[in-house]
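Participant: So the chains spell out like this:
2 protein chains.
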Amino acid sequence: MVRSRRTSAPPPLAVEEYRRRVGRIQEAMAAERLDALLITSEDNYRYVTGFNSPTWQNLTRPRFCIVPLAGDPCVIVPSNNTVIVEETSWIRDVRSWVSPNPADDGVSLVREGLRACPRRHNRVGAELGPESRLTMPVGDFLRLREAIAPVEIVDGDRMLRRLRMIKSPAEVARIRHVAEIVSRGFEALASRTRIGETERAVCRRLHADLLARGADRGPYVVGTSGRGGYSSLNLPPRERALRQGDVLFIDIAAAYDGYYCDFDREIAFGRPSDKLRRIYEVLWRATEAGIAAARPGRPIAEVWQAEADAVARAAERLRLLVEPARNGRLGHGVGLRMCEPPSVHPEDMTVLEAGMAITIAPALAFAEPSADGPQGRLAVHEENIVITGDGAELLTRRAPPEMPFIAE
Amino acid sequence: MVRSRRTSAPPPLAVEEYRRRVGRIQEAMAAERLDALLITSEDNYRYVTGFNSPTWQNLTRPRFCIVPLAGDPCVIVPSNNTVIVEETSWIRDVRSWVSPNPADDGVSLVREGLRACPRRHNRVGAELGPESRLTMPVGDFLRLREAIAPVEIVDGDRMLRRLRMIKSPAEVARIRHVAEIVSRGFEALASRTRIGETERAVCRRLHADLLARGADRGPYVVGTSGRGGYSSLNLPPRERALRQGDVLFIDIAAAYDGYYCDFDREIAFGRPSDKLRRIYEVLWRATEAGIAAARPGRPIAEVWQAEADAVARAAERLRLLVEPARNGRLGHGVGLRMCEPPSVHPEDMTVLEAGMAITIAPALAFAEPSADGPQGRLAVHEENIVITGDGAELLTRRAPPEMPFIAE
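Chains as they are written, first to last, in this note's numbering: chain A, 2 to 409; chain B, 2 to 409.
Chain A on its own, in the form it takes in the complex (with noise of 0.2 Å):
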């Protein structure tokens, strides 16, 4: 394993990464059977033509990209959109309509592209499959459906994703880049936290400090505290304020021209019992360990039974009663999305290979006791590597091996 090293920003992405991008697509379309590839959700679309523009949080007005089985893609985008396309894709072939329009928003356009690219298999490829979401209204979709009759509509987000899932060094570059500013903006947490502050106000200096760091954006802050331990890996920072005795996770999801790392560190308030102590002990020797089973040729499931051993072994050396969390996986993909394929799951069986970027982790489940009876409570630690030739890269800077504290 290599440590994470120092980053600048990475150059903007060349035209060539594109086409090679498309190249594959279109190899993979002709092992799928596919005359053509329909793609409208935000990172599919930046993936294939670079389409940058902060209007993904606007639904009113839906995009389509049309990857054909040879040459050029199209998009067919609202005219207040060709700007964007001009300044910031690499595509040429450009159709538009004036929107909204909710008789027609695009997709007789979409039918027209479709029935241009020549005709094969009677088989178009769009966003079907788990973890997609297309992005238009289904409504919509299933009119254009009908309307391309007899050319069926299948699935061609399982064959992006599978592309997707290997990251070019360019790719690696920009998640090292926002994974190297989202851990030093974990690494001045503490001096600049003190007990009393509320989750929302440590959460909120923190987001601010991402940005002022040169993140583009931190739209995943996930910040929730318990005393003892927290409950859940999914709130939203609250009005609680920090007390001695408490334990705060922090979950950050920010982005770099496009690019996600996802990772989490939890901090004490106040010096950490012994219990939190081996809790986080166990977690830390668990990230080491799927860290080190994160290698070429080996199937990611694998990945999984080395933390969850590591885990079990840990807490029985350390004498303490913990329990899997139920939280369905170890960890999982991250590149366009904070989330993508695969999953550090006993079940998934996708092997690694060189360039996959992936997050390992651990987690458990513990009760603490209180007023009230026992509180269930979890813990999870998180890193986020890339795959090498023969191993693993840190990506994030790694979290310390004693868990952090705020002194009182």
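Accuracy of the hints is not assured; some may be wrong.
Claimed, not checked - Computed footprint of chain A on chain B; a stretch qualifies when at least three of its residues, placed anywhere within it, have a C-beta under 8 Å from a C-beta of chain A:
hint : segment
1    : 74-81
2    : 92-106
3    : 125-133
As the list claims (entries may be wrong) - Chain A residues, not near chain B, derived (Cβ > 10 Å throughout):
hint : residue
4    : R112
5    : P138
6    : M160
7    : L164
8    : A242
9    : P300
10   : R330
11   : S371
12   : P375
To be verified - Example chain A residues on the side facing chain B (calculated, C-beta under 8 Å, incomplete):
hint : residue
13   : P55
14   : V84
15   : L129
16   : V139
17   : H178
18   : A209
19   : A213
20   : R218
21   : Y221
22   : V223
23   : M339
24   : H346
25   : P347
26   : T351
Think of the hints as simulated: they come from the structure by calculation, not from any bench. Note that the Cβ used here is the ideal one computed from N, Cα and C, for glycine as well.
Dock chain B against the given chain A, drawing on the hints supplied.
Facilitator: This is chain B only, laid out in the frame that chain A set:
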């Protein structure tokens, strides 16, 4: 028109507010002959359940809410989301599964939930209509649709949008609160910005400032500039240094407790030319005209007409060569999404009612001479208002009547 008032953070929404919403939805469901309503998207989900989590950024796991024709809704969520429901929602009927499970990510639980609703019309509503986003894999949706046949899935989103258009006082208070935060951020901008800074630096500082002032998130940050004006309304901030003679356009959608404001400001670098000052004046007056036209009982198309006429009249009077911007509309609803129906559009016949929160956004296009020939430029002003019993009230603090600028 009443001026914007100073706000403080509004108290949490009461359970009664959610119960009133469900009551109105169930009345509308009866009118639309729906046996049940299936909800999957963040905004509708929050409207009905209160469910509040950054986890919507993670597309791996879907979540579902079923509203029956009578009785309380139930939610079907991944097992690691149940604590979020306990902490942020009033719903107590919670069903869960361990996700990710690509073979069955909640679909069989949804099928059972829908089957348990008394069948009368054999119709279930789902998010299919204009501007909606079904927030689950569409492959799973198509399988669900087959599994519950002969029960038919029809659009239930138009109905929800109509109900959501009318904001309660508590909803208006949230939009007002975040609009006040962003207004003050905009007002502080000129004194903090220097010629020579980049779009990116200016926008990042503003974004951080809005968080410090109490916004929960500002996911929509457009910042774009150009000599003598800007050419797009949707570009992310670039590393472009702002020079004398530039205009910077910033458009922000930020949220507090789930509710968005959405408005923009323009700022000149160096004293603006006569032409720029007159264009600013045209749009400032057109905004006044739009606000004056926004009265209960009138179709929103009349607001469009008032804005469009005011632009045309003022441009003629000031002898400016401008055209209507091909932006599709001159404002829109705002609430749990930055853009919601209705549209300020000549064909939108939605009748304004007290409680509707909308943006007034007159726009125009003009040409700016350059060494490379005339360059297309846009100009848009935007404010947020709420319709009252006899007119409209500003939610934003009004933009200054003369173009603000940063002195050399």
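Participant: Among the hints numbered above, which are violated by the structure, and what are their numbers in rising order?
Facilitator: 5, 10, 17, 25 and 26
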